[in-house]
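Student: Here the protein sequences line up with chains A and B, keeping their order.
When the letters of the first sequence are read in order and numbered with my numbering, they come out as residues 1 to 71.
When the letters of the second sequence are read in order and numbered with my numbering, they come out as residues 1001 to 1559.
Simulated from the structure, these hints should not be mistaken for laboratory data.
There could be a bad hint or two in this list.
Each computed PhoX-like pair below joins lysine-lysine, with the alpha-carbon atoms no more than 25 Å apart [said to hold, decoys possible]:
(1) B/LYS1149 <-> B/LYS1032
(2) B/LYS1108 <-> B/LYS1538
(3) B/LYS1215 <-> B/LYS1275
(4) A/LYS64 <-> B/LYS1275
(5) B/LYS1538 <-> A/LYS64
(6) B/LYS1275 <-> B/LYS1538
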Amino acid sequence: MHESGISIWFFIGISLLVNGVLIFGAGVWEWMHPPASQLVLFQLHAGVWWGAILALIGLLYCIKFAPASAR
Amino acid sequence: MHTTQLVHLSTVDVIVVAFYFALVLAIGFYLKSRANTSEDFFMAGREMTAWVAGLSFLSANLGALELMGWAGSAYQYGILAAHWYWIGAIPAMLFLALVMMPFYYISKTHSVPGYLKLRFGEPSRVLSAVSFAFMTVLMSGVNMFAMAKVMQIVLGWDINFSIWVSSITVALYVALGGLRSAIFNEVLQFFLIWAGAMLIPILGLIETGGWSNLKILIAQRASAEYVHLWSGLGSFSTNPMGIHWTGIVFGLGAIISMGYWTTDFLVVQRVLTAKDLRSAEIAPIIGAGFKMMVPFIVILPGLLGLAVLPMKLTAESAVTAGGHSYNDVLPLMLARYCGPGLLGLGITALIAGFMSGMAGNVSAFTTVWTYDIYRALIKKNATDQHYVTMGRWTTVMGVLISIGTAYLVMQFASIMDYVQALFSFFIAPLFGTVILGMLWKRTTGPGGFWGLLCGTVCSVSLWTWVKIDPTALRYVALSPDAKGLAQDMYQATWSFLVCVVVTVLVSLMTKPKTDRELVGLVYGMTEIPAVGTLPLYKRPVFWAVIVGVIFVILNIIFW
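Generate the whole structure from the sequences, applying the supplied hints.
Tutor: What follows is the structure, encoded as C-alpha cells:
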C-alpha cells in the first residue's frame, strides 16, 4: 500500500479465496450427495456458483495485490 | 424464551468461522511492527487511502446488532426502516464530506474532543471526552452482551465462551496493531458482510418471483403500507411506525443523522486517518455510496421474511416457547437458503460485525482516553513511546471494562435501554456545538461549553419526562398520535435548538476570539486548497452530486 508490505486488499483476497474454495467444495459435495431434508431452492446449488464467484474474486485480488508486486 | 437454537453449523461452517478468527489475529500480529509511534498506533499513520478510510468509516457503523435489528425492523414496519439508511444517513455523510471535513482535517486534530479544545478550549473538550469515553466503553459492553446472546440463540453457544473468545481476540489485535488493525479488520468485515448476506435477497427474490410479486405477498400478509417510503407519512396514523414526515426530514434527516455522522468520534476517526484532504473528503462519499446499497442486504431480507417465512415473528417481549422475535428474521432467512459453508460465512459476517464494532469502540476509547484525558490532564509531557504503551494497556483495560458491563447487562437487562438512551443525549447538542464552531467566527469558548451542556440537559430532561409520564410524548412530539420512535426525533430536535440558542446568546455576551486563534478552525479563517486544476472526476463534489442524484431517484422509485 505505501512501502513494501502486505496490503489490506491482499488479506481480503485471501479471505475470499479460502472461503470461496470451502463453499464451492461443500456445494459440490452436497450436489453429489443430496441431503434427505433439503433447503428452499436447493436445486439452484447456490453454494457451487457463489463459492466459485468468491474464489475467483479472491484470486484476482491476491494476484493484483500480491506483496511481491506491491510498490 | 427460545428453547432451540436456530441454526446448526456443519464442519465446513466451523472451519469458515475458525479461519476468520485466525485471519484477524494474523493481521493484528503482522501490523504490530507498524504500530510503534503514537501517530501509527492512534491515527494509523494518517496515510489511509480514500477507499480504505471510506469503507472502514461505513463498517464502523455497520455492526451485526444493526444488521439484525434493522432486518427485524423491516419485518415489523416495512420499507420505512430504509429511511435510516437513506435520508437518515446520505445527506449527513455528504455534508460531512463537503462542509465539515476541511475543518476537521486542516486543524490536524486527532478526535472530535480535540477539535473542541482547539476551537472552544479545555472545558468543552473535557465535557465531551469524558462523556464519550464513558459511553463508548459501555456501548462496547452492551454490544458484547448482545453478541453473546445472539450466538446463544442462533448457534447454541455458551454465553461466557462467546464473550471471552471474542474479547480476547479483539484485545489482541487492537492492542498489537492499533487503529490500523481495527481499520483493516473493518474493511475485511465489509467484504464478509456482502459475501455472507447477499445471497439472501438474491434467492429470496427468486423464490417470491421478483419485487412486484413480493409487494403483493406483503400486502396479503401485512398491509400495502409496508412498501411505501413516503406516501403514508402525511399523518401519524397512516403508517406502521406512527411517525410523520416532518420527524423523518427534520428530526432524523437534519438533526439525528447529522449529529451522529458528523460528530460521532468512532466514525469521524476513520476519516481523519486519510492521507490528504481530498481523500478525507472522498472517503465519506464512498461510504455514502455503499450505505445506499445496504438496504438490499438488510431491509430486503426483512421484507422477504415477512412474505415467505411460515411462522409469524413477534416483539421480543411477546415471544412464546418455540416462537421467534423480529430480530431473528436474518438468521432464519440464512437458515432457509444457506447450506454448509454458506451458512458459516453468513454467521462469520455477523460475528465480524460484532467484533469490529467492539474493536471500533475500544480503539476510539483508547484514543480519547490517551490524548484527551490522560495526556491533556494527567501526564502532559511524556515520551511518544509512553503514550503508545498507555494506548496498548488502555485497550486491554477497555476490553475488561466492556466485559464487566456485559455481565452487568446480563443481570439487569434494562441497562441496555439506558445506555442507548445515554448515547442519544449527547449527539444532537454536540452537532450544534461543532457546526456553530465551524461556520460562525463569533462563537466563543463559554458559548460552546454552555450550549453543549444545556442541550444535553434538555435531552436528559425530555427523556426523563416521557419515562415518568409516557403521555408527555404528545407534547414533545406535538401530536397525540406520535409513537415511540417519534420521541428520538423530537428530543433530538429540541436539544439541538436549545444548544444553538444558548451558544449564540452566551457567545454574544462573551469576549470574541481573535482571528489568530481561529486560523484553520472556522469558515472564513481556513485556507481550503483549491481544486482548480483537478479534472472533474477527481473532485469530491462531482461524486457527491452523483450519490445525491441516486439517493433522490431511490426515494422516488420507492415513494
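Student: Hint by hint, note whether the structure agrees.
Tutor: Hint-by-hint comparison with the structure:
1. For the suggested pair B/LYS1149 and B/LYS1032, the alpha carbons sit about 32 Å apart, so the restraint of at most 25 Å is broken.
2. A C-alpha spacing of about 23 Å is found between B/LYS1108 and B/LYS1538, which places the hinted pair at or below 25 Å, so the restraint holds.
3. Straight-line distance between C-alpha atoms of B/LYS1215 and B/LYS1275 comes to about 45 Å, which puts the hinted pair past the 25 Å bound.
4. A C-alpha spacing of about 22 Å is found between A/LYS64 and B/LYS1275, which places the hinted pair at or below 25 Å, so the restraint holds.
5. Restraint check: the Cα-Cα separation between B/LYS1538 and A/LYS64 comes to about 23 Å, which is no more than 25 Å; the hinted pair holds.
6. Simply put, B/LYS1275 and B/LYS1538 have alpha-carbon atoms about 15 Å apart, close enough for the 25 Å limit, and the pair holds.
Figure legend: structure checked against the earlier numbered hints; hints not met, in rising order: 1 and 3.
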